[in-house]
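Asks: Could you put together the complete structure from these sequences and hints?
Protein chains: 2
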Amino acid sequence: MEKKDSIKERIKEANAKAVAAMFAAQPVWVDMAKAGDVIPGMKKNTLLHAGPPQEYKHMCGPQRGAAWGCLIFEGYAKDAEEAHRMLEAGEFEFAPAHDHDAVAGAAQVVSYSQPVIIVENQTNQKRYYSHVKEDTFVALRYGSHGEHTIKKLRWLAEVVSPAFSKLLRKMGGINCKDIIAKSLFMGDEGHNRNQAETCLFLQAIMPAALESDLSREEIRELAWLLQHDENFFLYQVMTSCKAMLDAGKEVEYSSIVTTMARNGTEFGIKVSGLGDRWFTAPAPKVKGLYFPGFTEEDACPDLGDSCITETAGLGGFAMAASPAIVHFGTATGVGGSVSDAINYTKEMYEITEAENPSYQIAYLDFRGCPTGIDIIKVLDTGIQPIINTSISPKKPGRSQAGAGLVRAPMECFKKAFEAFVDRYQIAYPHLASNPGPLPGAGRASFWGSGKRRKGE
Amino acid sequence: MEKKDSIKERIKEANAKAVAAMFAAQPVWVDMAKAGDVIPGMKKNTLLHAGPPQEYKHMCGPQRGAAWGCLIFEGYAKDAEEAHRMLEAGEFEFAPAHDHDAVAGAAQVVSYSQPVIIVENQTNQKRYYSHVKEDTFVALRYGSHGEHTIKKLRWLAEVVSPAFSKLLRKMGGINCKDIIAKSLFMGDEGHNRNQAETCLFLQAIMPAALESDLSREEIRELAWLLQHDENFFLYQVMTSCKAMLDAGKEVEYSSIVTTMARNGTEFGIKVSGLGDRWFTAPAPKVKGLYFPGFTEEDACPDLGDSCITETAGLGGFAMAASPAIVHFGTATGVGGSVSDAINYTKEMYEITEAENPSYQIAYLDFRGCPTGIDIIKVLDTGIQPIINTSISPKKPGRSQAGAGLVRAPMECFKKAFEAFVDRYQIAYPHLASNPGPLPGAGRASFWGSGKRRKGE
Chain A
217 MEKKDSIKER IKEANAKAVA AMFAAQPVWV DMAKAGDVIP GMKKNTLLHA
267 GPPQEYKHMC GPQRGAAWGC LIFEGYAKDA EEAHRMLEAG EFEFAPAHDH
317 DAVAGAAQVV SYSQPVIIVE NQTNQKRYYS HVKEDTFVAL RYGSHGEHTI
367 KKLRWLAEVV SPAFSKLLRK MGGINCKDII AKSLFMGDEG HNRNQAETCL
417 FLQAIMPAAL ESDLSREEIR ELAWLLQHDE NFFLYQVMTS CKAMLDAGKE
467 VEYSSIVTTM ARNGTEFGIK VSGLGDRWFT APAPKVKGLY FPGFTEEDAC
517 PDLGDSCITE TAGLGGFAMA ASPAIVHFGT ATGVGGSVSD AINYTKEMYE
567 ITEAENPSYQ IAYLDFRGCP TGIDIIKVLD TGIQPIINTS ISPKKPGRSQ
617 AGAGLVRAPM ECFKKAFEAF VDRYQIAYPH LASNPGPLPG AGRASFWGSG
667 KRRKGE
Chain B
217 MEKKDSIKER IKEANAKAVA AMFAAQPVWV DMAKAGDVIP GMKKNTLLHA
267 GPPQEYKHMC GPQRGAAWGC LIFEGYAKDA EEAHRMLEAG EFEFAPAHDH
317 DAVAGAAQVV SYSQPVIIVE NQTNQKRYYS HVKEDTFVAL RYGSHGEHTI
367 KKLRWLAEVV SPAFSKLLRK MGGINCKDII AKSLFMGDEG HNRNQAETCL
417 FLQAIMPAAL ESDLSREEIR ELAWLLQHDE NFFLYQVMTS CKAMLDAGKE
467 VEYSSIVTTM ARNGTEFGIK VSGLGDRWFT APAPKVKGLY FPGFTEEDAC
517 PDLGDSCITE TAGLGGFAMA ASPAIVHFGT ATGVGGSVSD AINYTKEMYE
567 ITEAENPSYQ IAYLDFRGCP TGIDIIKVLD TGIQPIINTS ISPKKPGRSQ
617 AGAGLVRAPM ECFKKAFEAF VDRYQIAYPH LASNPGPLPG AGRASFWGSG
667 KRRKGE
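Those protein sequences? They're chains A and B, same order as listed. Mapping of the first sequence onto the working numbering: position 90 corresponds to residue 306, and the numbering continues sequentially without gaps. Mapping of the second sequence onto the working numbering: position 283 corresponds to residue 499, and the numbering continues sequentially without gaps.
Any given hint could be a false lead.
Just so you know, same-sequence chains aren't split out, so a pair can sit in one copy or run between any two.
[Unchecked claim] Calculated lysine to aspartate or glutamate pairs in the EDC-like style (CA-CA distance at most 20 Å, straight line):
#, residue 1, residue 2
1, K610, E271
2, K393, E336
3, K610, E513
4, K228, E466
5, K631, E466
6, K501, E512
7, K562, D581
8, K386, E433
9, K368, D295
10, K250, D317
11, K233, E571
12, K273, E304
13, K393, D492
Derived by calculation from the structure, the hints in this document are not laboratory data. Model, not experiment: these values are computed from the prediction.
Replies: Laid out in structure tokens, this is it:
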């Protein structure tokens with residue numbers, strides 16, 4: 217066993233290294249392509265879902281609905297019932313999108329022929345993937361799988377994706393970091409408000425599109441898409457966050473969280489110094505604002521990879537940049553008061569390693585977004601990461617139910633910490649004899665600072 | 217002489233009426249045309265300038281430079297010297313843009329053949345006018361009159377204006393109130409940050425442009441303009457503010473300010489209950505951030521009609537919506553701290569009649585922008601309206617010098633108040649015997665509330 221001071225120093229250095237690599241990332245949206253052509257390890261029968269690993273038999277309603285939609289879209293099944301039988305028969309392999317360098321929003325399931333965004337971290341040339349935002353409310357990512365949804369997916373695959381691909385290749389890509397940074401001065405927090413990002417992207421591409429060999433009709437389709445979905449840019453942001461966080465993964469001794477994700481039944485995290493292992497707990501319910509026709513009863517538990525934004529210091533962590541988000545305009549309002557929004561950001565500085573020099577919050581005197589969730593700080597303070605998120609319906613075939621706020625479950629951090637002390641053979645007396653109590657739950661913190669947990 | 221309570225009641229009612237008419241305005245950008253074809257009373261030798269009335273011989277440098285540019289652009293003069301001789305000879309008639317239902321930004325002078333924006337208040341069908349933003353730094357509105365500027369003006373007249381005209385007519389206009397309202401949740405304050413407005417406008421028009429009979433080249437020119445001047449929409453905002461404020465003008469007994477404007481030597485205001493009369497004082501110097509090569513020595517005193525935005529509750533009055541404005545990014549940063557910016561807005565509630573239900577500030581719990589400057593409240597509190605503004609160079613032919621903050625001179629409000637008590641025969645004992653001291657400068661306010669002036 218190592219001495220505590222020495223291990224503390226090692227963890228400190230490792231965390232600084234992990235976060236420095238994250239901050240050095242330059243995520244650029246470089247292309248779009250068919251998922252099966254670009255996502256590593258993707259086979260014709262692969263279905264990528266949000267969150268930690270999930271089997272079809274335990275899958276929440278909207279994720280099932282999305283999987284049915286995939287089989288219909290791919291031409292394997294003619295309807296939901298047939299798709300359900302094929303999935304029950306085990307003819308398809310489910311895997312977390314995260315384990316294939318990808319992200320999937322809400323209940324989205326990504327199949328072989330779906331068009332995907334490709335974001336490259338130009339600092340290390342690694343590429344990351346996501347489906348594209350297909351509609352505002354009625355969409356595969358909320359479990360819709362009707363004719364409207366399948367038709368929209370085809371339009372994205374056949375019209376939108378080739379057009380964006382041509383344009384992005386011509387332009388040499390669009391730097392998402394620049395767009396996100398600017399949008400934080402324009403009321404976006406990157407998870408539920410992406411309005412400035414969507415506009416800024418449109419502004420960035422239009423002259424080049426008109427100078428390219430894209431047809432007028434193709435450009436019109438893109439302009440229409442970027443007008444009708446004001447939060448279109450969300451998945452480019454999520455993929456950029458994935459690229460950024462991945463740059464800080466697998467740093468020995470680092471206690472920084474590199475992934476938070478939910479599959480509608482479980483919430484899972486990964487930690488830099490613990491590789492690709494998931495640490496899970498039951499997915500919590502989201503407190504939020506509901507669209508007409510929906511109540512909390514109709515809501516699926518917390519779901520989707522979109523909290524990759526919070527993991528990267530955006531979303532709920534950046535709500536002080538986005539006071540308007542508390543109101544319910546279109547799909548973006550998450551409820552609460554403006555002072556709550558500001559306090560969430562302030563609170564997140566308590567559990568994070570650093571402040572992002574590129575992503576600043578003007579209202580907090582240009583302080584950088586709180587970034588790099590440290591599992592030790594989470595356990596020491598008792599502060600759970602805040603997430604603002606859309607709410608999926610419980611039943612497949614319905615549209616978005618609402619939007620709201622949720623905390624990452626403490627259980628994930630506790631499990632990760634237990635694995636961390638075990639992996640690095642850290643002397644932590646409480647854990648050996650009694651794995652029950654949380655570090656910091658006693659009189660003093662893990663590091664002996666005497667800092668009390670929240671609520672004590 | 218009327219009794220004080222009765223007059224107080226009358227003024228209260230009149231102010232509520234004036235502001236209600238302002239709030240009911242629906243400014244819509246409906247068209248572009250040649251100034252001479254649409255601005256009322258515009259003759260071939262008319263030159264419209266910013267601020268209160270001005271003669272050529274007293275004109276500040278940049279306004280002279282802009283007037284020279286007008287004569288070159290119109291083909292009357294081959295260069296600045298010839299233009300100067302013609303202007304000295306009195307061959308042209310100067311008039312305030314404001315007195316022709318128009319606004320002119322900074323040192324801009326509007327001549328017969330210039331293209332102008334047309335904004336209609338669709339509540340009363342009245343139309344208002346402004347030149348279009350021609351460039352970011354080197355522009356007629358800062359006194360530039362070289363080949364670059366003349367060429368840019370021609371491009372605006374021959375390419376941009378006809379294209380926007382066709383598009384706006386096809387679309388039935390673009391509602392500026394909606395764009396401004398939305399932009400206040402996106403970090404704009406409408407005077408020095410118009411980035412969200414510019415993007416939102418682009419987003420609103422692009423599909424329609426691509427469906428119109430505009431040529432691909434015409435659309436490309438518009439997209440290029442809206443990409444290269446991120447604050448393009450400023451003059452649409454100013455004209456919208458003019459349309460809004462004009463709806464509240466000439467209300468008997470109203471002490472609400474309907475115009476604030478500066479010509480580089482004088483600052484002038486108009487008051488609803490006092491008709492079209494200007495009340496002026498020397499234009500103050502602006503405290504601000506300077507571009508490389510410029511110092512406070514190089515700056516012209518406060519100049520331009522752009523503070524119509526503050527008169528309408530935007531700009532300096534809405535800075536709490538726009539914390540990023542204190543930084544010097546491109547031409548928008550005005551200096552100071554974020555808390556200053558927020559406090560300016562809070563302070564302006566002290567001197568205004570109402571809070572705009574359409575223009576809200578999310579950060580202040582969605583409070584409406586402070587709107588309807590009341591000259592009596594200005595004098596009672598000693599609080600001068602805050603303005604954030606670009607800084608013009610003192611010498612003609614240079615580019616924008618910087619941006620900063622300035623207060624409207626108290627002298628204007630004092631003169632207006634003297635005229636107000638005279639016009640409405642209000643018993644105000646101090647004034648009769650001693651016009652020197654300001655109302656409220658003594659022990660009690662004009663209304664006897666005992667409220668102290670600032671700094672007492």
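Asks: For each hint, tell me whether it holds in the structure or not.
Replies: Against the structure, the hints come out as follows:
no.: 1; hint: K610 to E271; verdict: within (17 Å within a copy, 73 Å between copies)
no.: 2; hint: K393 to E336; verdict: within (11 Å within a copy, 39 Å between copies)
no.: 3; hint: K610 to E513; verdict: within (8 Å within a copy, 67 Å between copies)
no.: 4; hint: K228 to E466; verdict: within (15 Å within a copy, 69 Å between copies)
no.: 5; hint: K631 to E466; verdict: within (18 Å within a copy, 72 Å between copies)
no.: 6; hint: K501 to E512; verdict: within (9 Å within a copy, 58 Å between copies)
no.: 7; hint: K562 to D581; verdict: both (12 Å within a copy, 18 Å between copies)
no.: 8; hint: K386 to E433; verdict: both (18 Å within a copy, 19 Å between copies)
no.: 9; hint: K368 to D295; verdict: within (16 Å within a copy, 59 Å between copies)
no.: 10; hint: K250 to D317; verdict: within (15 Å within a copy, 56 Å between copies)
no.: 11; hint: K233 to E571; verdict: within (14 Å within a copy, 50 Å between copies)
no.: 12; hint: K273 to E304; verdict: within (7 Å within a copy, 89 Å between copies)
no.: 13; hint: K393 to D492; verdict: neither (25 Å within a copy, 51 Å between copies)
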